[in-house]
Amino acid sequence: MTSPTPFAGTPTFRATTRDATLALARRDLLRFVRQPARLAGTLGQPLLFWLVLGAGLSPSFDAGTFAGGGMTYTEYFYPGMLAMMVLFASVFSTITLIEDRDQGFLQGVMAAPVSRLSIVMGKVLGGTMVAMIQASILLLAIPFMGFHIGPGSVVMIVVTLAVLSVACTGFGFLVAWSMESTAGFHGVMMLVMMPLWFLSSALFPLESAPAILKGVMYVNPFTWAMILLRAPFYGGPLECFADTRYLTALGITAGVVLLILWGGVRRVKRREKGLPLARG
Amino acid sequence: MIRIRGLSYVYALGRSREGRTALDGLDLDIAAGTMTILAGPNGSGKSTLFRLLSGLALPSRGSVEIGGFDLFAAPAQARALLGVVFQSPALDRHLSVEENLSLHGALFGLRGRVLRDRIRESLSWSGLTDRLPDRVGTLSGGLARQVELAKALMSAPSVLLLDEPTTGLDPAARRSFLEQLARLKREREMTILMTSHVFSEAENADRVAILSQGRLLAHDTPAALCGRLGRNVLVVNTPSEERARALLPSVAERLGHSCVLCGSEIRLELGRDEPPVPLIDAVLDSFRDEITGVAVREPTLDDVFVHLTGAGPGTSPFVPKPQMDLAS
Ligand SMILES: Nc1ncnc2c1ncn2[C@@H]1O[C@H](COP(=O)(O)OP(=O)(O)OP(=O)(O)O)[C@@H](O)[C@H]1O
Ligand SMILES: [Mg+2]
Chain A
6 MTSPTPFAGT
16 PTFRATTRDA
26 TLALARRDLL
36 RFVRQPARLA
46 GTLGQPLLFW
56 LVLGAGLSPS
66 FDAGTFAGGG
76 MTYTEYFYPG
86 MLAMMVLFAS
96 VFSTITLIED
106 RDQGFLQGVM
116 AAPVSRLSIV
126 MGKVLGGTMV
136 AMIQASILLL
146 AIPFMGFHIG
156 PGSVVMIVVT
166 LAVLSVACTG
176 FGFLVAWSME
186 STAGFHGVMM
196 LVMMPLWFLS
206 SALFPLESAP
216 AILKGVMYVN
226 PFTWAMILLR
236 APFYGGPLEC
246 FADTRYLTAL
256 GITAGVVLLI
266 LWGGVRRVKR
276 REKGLPLARG
Chain B
18 MIRIRGLSYV
28 YALGRSREGR
38 TALDGLDLDI
48 AAGTMTILAG
58 PNGSGKSTLF
68 RLLSGLALPS
78 RGSVEIGGFD
88 LFAAPAQARA
98 LLGVVFQSPA
108 LDRHLSVEEN
118 LSLHGALFGL
128 RGRVLRDRIR
138 ESLSWSGLTD
148 RLPDRVGTLS
158 GGLARQVELA
168 KALMSAPSVL
178 LLDEPTTGLD
188 PAARRSFLEQ
198 LARLKREREM
208 TILMTSHVFS
218 EAENADRVAI
228 LSQGRLLAHD
238 TPAALCGRLG
248 RNVLVVNTPS
258 EERARALLPS
268 VAERLGHSCV
278 LCGSEIRLEL
288 GRDEPPVPLI
298 DAVLDSFRDE
308 ITGVAVREPT
318 LDDVFVHLTG
328 AGPGTSPFVP
338 KPQMDLAS
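Here the protein sequences come in this chain order: A and B. Here my numbering is used: the first residue of the first sequence is 6, the next is one more, and so on. Here my numbering is used: the first residue of the second sequence is 18, the next is one more, and so on.
In isolation and in its complexed conformation, chain A is listed as follows:
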């Protein structure tokens, strides 16, 4: 009842947020490579996209030039495809959170003295790494797509995809945390992510959309992420950072990412509380 009893012999340790995050992310990655079906699906998907792109590159598919300016539609669609893959890979990687809870694993992590931020970031980093493995395979197609871009742009594209992935895993985390079943998570996510992607200028340009749709597209944070992603395909870092539209998109995206992560940490910190007692 007096002062805390010092633990004889062994000092008590606590992991730093960074160490705990890395340990949890590493575990997610290990789990990923241990599940052959998941691994095959992840590596197969971008290869499938490669095939689609290959077909699209043939002249018969791209007979005329695309409404968006002097480019072909395949060229226009390529960044959208990248984004889509990262979007779905990231969001659905957080399904493992529901499995973790069902299998009791999460309980053990929650009872450990790790910062709640590292619980969020561990999952986000794990999901992002998996998504980026996929994205890299698809990125190898760049030289064959008729893009002439420098290393600076490649770095920007990779970083943008990673940021996008962080946002999507963060969002998936938030939803998965309150979800009881993986089936429910699938349903909700398809319902939310599909329209987000359709109305993000990944499929068709913002400029050519009807006015009402345009309004919707402007409030869709994914549209801004697409602006970020597309820019380095057509200009180096210097040009991008001189463009106010690019900077606006950067600000909005950063804001959304921070908001999502903050929401995630808040959600994890909130502990279930017993109902108030009925009688006085």
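There may be inaccurate statements among the hints.
Unchecked claim - Pulled from the structure, derived: some chain A residues nowhere near chain B, Cβ distances all over 12 Å:
no., residue
1, Leu111
2, Ala146
3, Pro156
4, Thr187
5, Gly220
6, Tyr251
7, Gly256
8, Ala259
9, Val262
As the list claims (entries may be wrong) - These stretches of chain B come out as covered by chain A in the derived footprint (C-beta under 8 Å, 3 or more residues):
no., region
10, 62 to 75
11, 98 to 105
12, 123 to 135
13, 221 to 227
In short, the hints are calculated from the structure, not lab data. Treat the numbers as computed from the prediction; the structure is a model and nothing was measured. Cβ atoms here follow ideal geometry from the backbone N, Cα and C, with glycine treated the same way.
Based on the hints, put chain B with the ligands in the right spot on chain A.
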């Protein structure tokens, strides 16, 4: 070391505003360096208490201090002192034994050499040291349980919370695990709170706490609890549980005592200073051919539990172990 005051927890039940009270104004003090066994019928609130003690949920009311830290105000400090084994498994089945233990160690800031030593140390009591590379999913239930326990030891906690840790362990592993606990308590002054349904485990504990419907019924040393019952127990052995069940009413009626069914045994508490011989005579007189034996023995914790929780015929969750029949 652990100080629980007025702890209540009410679960929400669907949409109704009425909840289910799992803990009801619990007061409990656990002294540093002691081992306490928490017993109680199914649904008495033991796991709920563990959820609160490990900082996973906030109570409806009440406070908990662990090592002087307010668990609900400073959860991180309190958590750093804790090692927890939950009733439900908490290992990653896709990871190996070693990976599971390393991960848990890493969450407590262990790395490198210390981490490797700790893994060895926390498995030393078990038969698992050569199964480090095996995936947990390929281990048998009892072996996985042993890894679970090793995991809780990874952080060399000053307080160990164990929710039915020994379910599924074979007798040798169980004994070995209890010995390890006793050693940790002795050498490291660990404070241990453990739920158990096996009372032979409780006999070596410093304290036994009995919980029923979210309330503490008793909290004392095993000897004092048995002493408090203060009466001997008459045990009638029968060949089978069905036979015991069938005999129960007639035995109770013949002896004029209320009796309790425990497996294939029929038990009754003697009155204070009541001589047992007339009862034994009566049993032999009427049931000689249907029973396998009759004996009088001192009360065990099992009897105390049945007495306190009023577990009625057949409802006692404690299956008596064979050696109990021999005790007298
Ligand atoms: N998530 C929940 N929602 C509603 N009620 C619950 C929930 N979890 C437990 N309860 C109820 O709270 C009471 C106490 O449950 P608890 O799990 O703490 O019991 P226990 O003593 O651990 O039992 P056992 O010996 O079976 O493990 C029970 O009536 C149980 O049904
Ligand atoms: Mg329980």
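Taking 8 Å as the C-beta cutoff, is the stated coverage of the region 221 to 227 of chain B by chain A satisfied by three or more residues? violated (count 0)
Say whether it holds or is violated: Leu111(A) keeps its Cβ farther than 12 Å from all Cβ of chain B. violated, 8 Å
Against chain B, does Gly256(A) hold up as non-interface, every C-beta pair farther apart than 12 Å? holds, 34 Å
Given as covered by chain A, does the region 62 to 75 of chain B meet the bar of three residues or more with CB within less than 8 Å? With 5 residues closer than 8 Å to chain A, the region 62 to 75 of chain B meets the three-residue bar; holds.
Taking the closest pair, is the beta carbon of Thr187(A) still more than 12 Å from chain B? Answer for Thr187(A): holds, closest chain B Cβ roughly 16 Å.
Take a quick look at Gly220(A) and tell me if its Cβ sits farther than 12 Å from every Cβ on chain B, holds or violated. Its Cβ never comes within 12 Å of chain B, the nearest being 38 Å, so this holds.
Per-stretch coverage check for the region 98 to 105 of chain B, three Cβ contacts closer than 8 Å to chain A: Coverage by chain A holds for the region 98 to 105 of chain B (5 residues, Cβ < 8 Å).
Assertion that chain A covers the region 123 to 135 of chain B - criterion: three or more residues, beta-carbon distance below 8 Å: Satisfied; 6 residues make the cut.
Please confirm whether Ala146(A) is truly not at the interface, meaning its C-beta sits more than 12 Å away from all C-beta atoms of chain B. Holds: least Cβ distance 32 Å, greater than 12 Å.
Interface-negative label, Pro156(A) against chain B, beta-carbon threshold 12 Å: holds, 35 Å
Any Cβ of chain B at or closer than 12 Å to Val262(A), or is the non-interface label fine? holds, 25 Å
No chain B beta carbon within 12 Å of Ala259(A)'s: holds, 29 Å
Comparing the model with each earlier hint shows violations of hints 1, 13; every other hint is respected.
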